[in-house]
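**Q** Construct the complete structure from the given sequences, taking the supplied hints into account.
The numbering of the sequence shown is the working numbering, which starts it at 11 and goes up by one.
Worth flagging that the hints you see were computed from the coordinates, not collected in a lab. Fair warning: this is a prediction, and the values are worked out from it, not measured in the lab. Some hints could be false.
Mimicking DMTMM-like on lysine to aspartate or glutamate, the simulated pairs with C-alpha atoms at most 25 angstroms apart in a straight line are [as the list claims (entries may be wrong)]: (1) Lys-69 with Glu-39; (2) Lys-69 with Glu-51; (3) Lys-28 with Glu-39.
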Amino acid sequence: VLGIWDRLTRLEAENHLKTIGPLDFALVEPVRRWANGKSLEEVLLESDIAPGDFVRWCKQVVDVLNQLAVYAPAPELREAARVARAKVLRGVVAHIPASLER
Numbered sequence: 011v012l013g014i015w016d017r018l019t020r021l022e023a024e025n026h027l028k029t030i031g032p033l034d035f036a037l038v039e040p041v042r043r044w045a046n047g048k049s050l051e052e053v054l055l056e057s058d059i060a061p062g063d064f065v066r067w068c069k070q071v072v073d074v075l076n077q078l079a080v081y082a083p084a085p086e087l088r089e090a091a092r093v094a095r096a097k098v099l100r101g102v103v104a105h106i107p108a109s110l111e112r
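**A** Structural data, given as structure tokens:
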């Protein structure tokens with residue numbers, strides 16, 4: 011991911027485009043812990059993320075995983091996305107309708 015980001019920022023600079031800014035990995039570890047079966051309480055106690063923000067961001071991760079599960083070029087990546095989606099889409103993340111998130 012860092013290599014792709016570095017390449018993108020160089021291309022943006024070369025083409026005089028506004029850069030996307032630095033990557034923020036603050037959500038990576040909490041979502042990984044959630045996907046590995048930790049409770050919402052455990053995940054939130056180990057981070058500075060509000061419960062609603064965490065659920066909303068998990069739903070965004072699920073949305074990206076849905077897209078990868080369908081459109082990724084390699085079958086292995088599509089399958090990995092399906093497995094990851096199932097791990098993230100559980101508990102409160104799976105039960106709060108998108109219409110109530112806002």
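**Q** Does Glu-51 sit within 25 angstroms of Lys-69, going by the straight-line distance between their CA atoms?
**A** holds, 17 angstroms
**Q** Against the 25 angstroms threshold, does the CA-CA distance of Lys-28 and Glu-39 hold or violate the hint?
**A** Given pair Lys-28, Glu-39 is violated - Cα atoms ~29 angstroms apart, limit 25 angstroms.
**Q** Given the proposed pairing of Lys-69 with Glu-39, does the C-alpha separation stay at or below 25 angstroms?
**A** holds, 16 angstroms
Hint violations for this structure: number 3 only, all remaining hints satisfied.
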